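Asker: Protein sequence lines, in the order shown, are assigned to chains A and R. If you read the first sequence in the working numbering, its first letter stands for residue 1, the second for the next number, and so on. If you read the second sequence in the working numbering, its first letter stands for residue 144, the second for the next number, and so on.
It is worth saying that the hints were derived from the structure and are not from the lab. Here the structure is a predicted model, which is why all the values come from computation and not from measurement. Yeah, the Cβ is synthetic: ideal placement off N, Cα and C, and Gly gets one too. It is possible that part of the hints are untrue.
[As the list claims (entries may be wrong)] Not the full set, but computed from the structure, chain A residues with beta-carbon under 10 angstroms of chain R: (1) Ser20; (2) Val21; (3) Val24; (4) Leu25; (5) Ala29; (6) Pro37.
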Amino acid sequence: MSQYCTFTLDGHLFGVPVSSVQEVLRAQALTSVPLAPSEVAGLLNLRGQIVTSLELRARMGLPPREADAPSVNVVVKTADGSAVSLVVDEIGDVIEPPREAFEAPPETVPSSVRALVSRVCKLDRQLMLLLDTERAAQVLEPA
Amino acid sequence: MDGLDEIIGEFLVESHENLDQLDSDLVALEQDPGSTALLASVFRTIHTIKGTSGFLAFSVLESVTHVGESLLARLRDGDLTLTPGLTSLLLEVVDAVRALLTDIERTGAEGDRSYDDLVARLTAALEGEEPAAPAATGAEDAIEVGPEGPAELPEADDDVPVLEVVPDEAPPAPVRALAVAEPDPVAEPAAEERPEATEPAEGRRSVADSTIRVDVTLLDSLMNLVGELVLTRNQMLQNAAAREDVDLARTTHRLNLVAGELQEGVMRTRLQQIDTLWSKLPRVVRDLSMQLGKTVQLEMVGRETELDKTILEAVRDPLTHLVRNSIDHGIESPADRAAAGKPAEGTLTLRAFHAGGQVSIEITDDGAGIHPDRLRDKVVSKGLMSREAADRLTDHEATALIFMPGFSTASALTNVSGRGVGMDVVKTNIERIGGSIDLSSDPGRGTTVRIRIPLTLAIIPALVVTAAANRFAIPQVNLLELVRLDAAQAATAIENVHGAPVYRLRGRLLPLVDLREQLGLDAVERETTYVVVLQADNQQYGLVVDDILDTEEIVVKPLGNQLRHLPLYAGATIMGDGAVALILDATAIARKVGMALESELNAGADLDAAEAGDVASVLVVELGGGRRAGIPVSAVDRLEEIALDLVERAGHHEVVQYREQILPLVRLDHVLHGDGAYGEDAPLQVVVCRKGEQRAGVVVSGILDIVETNLSIRTALDSSGGDGSAVIAGHVTELVDIDQVFAGLPGHDRLARTA
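One chain only, chain R, in its complex shape (with noise of 0.2 angstroms):
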């Protein structure tokens, strides 16, 4: 369909779709010439042709249909009867429609064949009812509906049913069906110019025949069979690869191929652009921001991106919120806009694409941004968290705060968004459907929500693990990558901070959680220690299991409702071999053991407020020799790592140029009168650390961790260096004093200033 715009192609198939519905409605309004509902809908079908002919400016189709629609218009307000004589002309309308919609289909213009002769008799139709105008061309018939118009409808008006008249009218039908269609030199010839006008573009389908509209029910039993399918493909799978029959091996290597290209197709007939769903928003967005006087610009990029039905239904809410939202309370009034230098008109960009086998959608305006010591202030001053812990998270930790449940950051609750329900609720929709959500924010310029959803829901390749004598599978979405330890690697590898077992990727603590401990099953030594790694919520763990198996293409099955209530799993699905696993929820099962280190956070706050001073979060960090000494993290500004070769010395100290200022490095060990083993050429461990207005480098030998700590078990046992020593993780750890550290610094005023 070169040349033809998208908006013509839409209007052709739905008007091709319409015109086949016409055909059968007006034979059966023949039958039934009482019937309003069938009048109305042949009303409404000619009517939206005409209207959309009128604005795609195909003014031959317009004309047509006008006069059709107002000869309809009488028939429908019982100014004029039906008669067998009026259906053929209404029947002709549709004809010369449908070839009027063929020439446009096939040039893209209307061609130029006229349709005068069938306007101007259905203008005489239109005007046979008034009695005073029955003078035109097709006369004879306008003449016999004329006189017999008006000199029965007065009777049905009055007490006669409609009923009635028909049966009058019925014997002269045939004599006016004959006489509109032979005084009809235009149509007869058209009706027959018509299959030799489209049989050049036999080739190619025309665009009613290539599409068809198919209930959606269909398409999901559609897929549920396919899912059958794939689950029958494995099982046939894992039978022919325990025999050696090489025939068999050949069929299902061949059913192999089959299933997945019907796999996919089935899914793709289950696609919808995005556009569908974005369609709605600029009327949205145009309400609100005239409703909250701003002037907001919406810009969309990519709406031909496609996902599944089932899941861009599931996103429609959490996004139309998101939309709200930017407009509510990311983009500022013209006003502050104005002030803060930017154009009085927001922008709000919504872009969609593909990637790594997902959807990606992010919604990016360009207000007032998020400022994150904000949200820590505020979820503070809710309770929800205590201050130390709000001061440790990061930048963009501490954005993510908004998705908390019960935080919300507009200070007034408007009617538009702003309820403390909203964002966690959005990200519980997100999840729910698989997909994950971050917010990015540049406090000034403007915040960034991306969205990241799974192509489809039904079938997800997923990963087979086992715990005790269950198996499991995990949707691979949520898998970034297997480790196995044998015993010997898992002895040293496996490090406990707090009672919590962690373990060391590649420099980073990756927090363990053993499966059968969050299932409830029994504990058990292993030999080889199973780590899949998960990415959840924004954060990665390692979920120790049994045994790791393989991955399978899994169909995924609800839960019955007495299982609904359990989180941690997604569903359920049928395994090769016939048995049925369960579907881990990785994101349910990271919510789980992190709601534990919450509400240990919350008894640190508890205990804080009832022995104060007992409780710190404390940076661990290692000495030469394996002692280990802890920093109040109150005094810790940054970590830093810094090259040998920049640290230069000035006087008996070394200092480093750092953020335009000159650090003074103290080296721990020595301060807590270590032998000071460092290492010759490794960079430096410094822990930037910070007294007032000063500053000093404290280089140690490692970083292990932070803890938030009950520092009961203390002993006076340190080496002058320090705030005597306590118990920290299974460790005795030094506890640092750090105005000791900054006293062997000499001239505080002198050094550590602004150079």
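Next comes chain A alone, as it looks inside the complex (with noise of 0.2 angstroms):
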């Protein structure tokens, strides 16, 4: 059984591997970065080390958050050794659900998140998509 990382976005609860996790940043001052993809919400400065932070929310295509809702930053590892920070709106619970709970994602999810969620996790009382971290922290170039 593997640990989850959970958190919430525009209400839905995502998760990813407590392995893939960093470290999580409450808010950060960010340094934009002109002619980007929208979903980069800028430079972060991780004790020396220079993190491009996503807006997760658009990246899949959610309405973007409200103007002085509060938001995290979650660094995930990603496979070439580098960071991504990836903004969501809150943290949540380090969860261990069974493996039995695990399913594909429904038809039904919206294709850009689906794009995104490698499995659904029944709990008691809601879903846990599993992000793609790998997925999640490319973007594509603008054509």
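Both chains come to you apart, so use the hints to assemble them.
Answerer: The structure is reproduced here in structure tokens:
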């Protein structure tokens, strides 16, 4: 059984494997990057490491957050050894659901979300969508 | 190491390292005599030393290592089995080699110690395996080995595992080891002598002790740490400056100095001589010239020039490509060279030197050179540029066409070079590491390619500027100067050419690029205009920014994958206050703007085809009284400045002697019926125009610009000396009919012919 770090995004519960999370930060001062794709929130100085911060709502095609709503940076490790920060609404608990609770995402999930969700986990009261961090960290080059 | 040749120095360093390895290998081998990998390693080491000593004519060293090698060969081939006795013997060889190397290092020669005894005993051990010849000095052990060796080896060869042989041999081993050690009058004193021998040289470290090999990844991580330190220092300096604390100020000052020296020191550890790259080239040159039937001599100047390892790696391919290019396209075949009156053997010169905090590398060949006209023709025939645009290029600019993507001068593809991806890739690669490349050619005499690259990549000085709320760093290598214009100055000094702002910097037109505009930020009315004059791609431009802050040492950090596709940024860095700032790529900005210009040119060319005659390139000149006139560039030969006292008179006409000709001058103002207000003493601004064989100097009051323009807004309004008027670059400009200018000149045949 593995542990998952959960967070919410527009009322949905998402999860990422704890092993892929480097750290969780309060909202940070970001350096904006002109000309960058809209989902790039900016750059972050993580103790000397420059980390790109991605607005996960924009990445998933969800409506933008209210102007003064709080946000949290979930810094995840990527395959190439670097890190990416995902901006989410609120951080949740670390949970340890049984393996059999996972299922393939239902067809009804919007395709922009489904592209980034690898599995769905049935919890007692709600569903946790398992985020594919590798895919979430990729930003398509504007044509 | 006076008197010691560089090669010998390297040999010593390498051998000393190898010997230490040998010691441990041999001891390990004793524990595990069956290990073929260890034996092979030991064999290789001895073999290398033997080979090099033979090459360097150290005969004693060679003879010792030679027998040692023979013995090892036997062991390796399984003819002999390693016994502790043999191990000791081999260790003695190592000691002897070490002693010899010490002598060589100290005196440059092998010294007069004799190793005949050791050689003899080694030979005996070798022959001990042969049953027939046991009689030699040190016969005791040889005999002991002798009977046992052959007696057991057949077994080993048959089916008994080697490991079983060893325990059998183990018990007598100590005896033999002693036996070897005791009748050894030479090696023992030698071993004792050694410390004494080195003691006089205690003052200076031996070659082997003064250098160590370090893993490059360790150096990289050190460099990163120093980078962090530099950033922390920057923050510290900023904080300290904000306080009035004398102690803190003193400490930070000290920190500043130490960090700076540390940074320089670590940077130096990463420097390598360019020769590590160049040493591969003679072979490349030889193979290639053989293949192409050319003879080329390679000369290398400045081999010892040092640059950062990462940069060295980055220029490896471009440099090889350029060398291949020079041989393939530059240097002609011996027959062609003879026909051109040059020596049959071509010369390719590589030159490297430090200049202005950068490294310059020049690749010069004495080949055919590049004809700018051929490049002009080619660029037009390839449809990459319009004829007018190509003709307008200076020879130097035309030569630079070779770096244009999709451009290749080779008329036939060879497997050597010339696939049309070459030079622009070379250029891109050089620019990627913050360098620049330039090519100059003297047709018939040769070509020189100049590469300028920074010494190091990791920590660079940069200028920090702002646009909107963002801070950006611009690498100082691109920086030429800074210009500050207040609102009043900006209003007059910044002009528009065809919608593009330009600034007159000491008489030259400097295209201006607004950083906000390039970054898609909101435009703003500026009180004060700050212009950062940048050099990129052999062209200069002024980057208009909101404010210029400071220069700072920055550590270049790569951007994440999500942002790599944005060409305008060369990376990011962390500023003194801990915030992240993007690093601007001056060349990419120039290219972005240049590309826009190019597409305009192409659009112009398309229009040209559609509505011929209405798009033209026009030289815009100033007449007296704010009037502007446009002369078709196709009629313009050159622009000259002619001092007034050179003007002579012939009949009613003003003339000057110009390039062995008599050039009649025509005051354009008079042709266009103006009032002719020219400066009294100022030199004349002359546009030398040509019509067929005939030339005339058209005198104007000022030369403004060349514009490619669509002459659509046009009236027939003029003053009978012209071709109507059009709006060019926002100004009504009278178009000069060149025929009319020449019509005013009498005696077409008598004037303006070769005198």
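Asker: With 10 angstroms as the cut and Cβ atoms as the points, is Leu25 (chain A) at the interface with chain R?
Answerer: violated (14 angstroms)
Asker: Take the shortest C-beta to C-beta distance between Ala29 (chain A) and chain R; is it under 10 angstroms?
Answerer: holds (7 angstroms)
Asker: Report holds or violated for the interface hint on Ser20 (chain A), using the least CB-CB distance to chain R and a cut-off of 10 angstroms.
Answerer: Constraint on Ser20 (chain A) not satisfied, violated at 16 angstroms.
Asker: Go through the hint on Val24 (chain A) and say holds or violated, using the shortest Cβ distance to chain R against 10 angstroms.
Answerer: violated (19 angstroms)
Asker: Once the shortest beta carbon distance from Val21 (chain A) to chain R is found, is it less than 10 angstroms?
Answerer: Since the shortest Cβ distance to chain R is 17 angstroms, the answer is violated.
Asker: Does the nearest C-beta of chain R fall within a distance shorter than 10 angstroms of the C-beta of Pro37 (chain A)?
Answerer: Since chain R brings a Cβ to about 7 angstroms from Pro37 (chain A), closer than 10 angstroms, the hint holds.
Hint compliance for this structure: hints 1, 2, 3, 4 are not met, and every other hint is.
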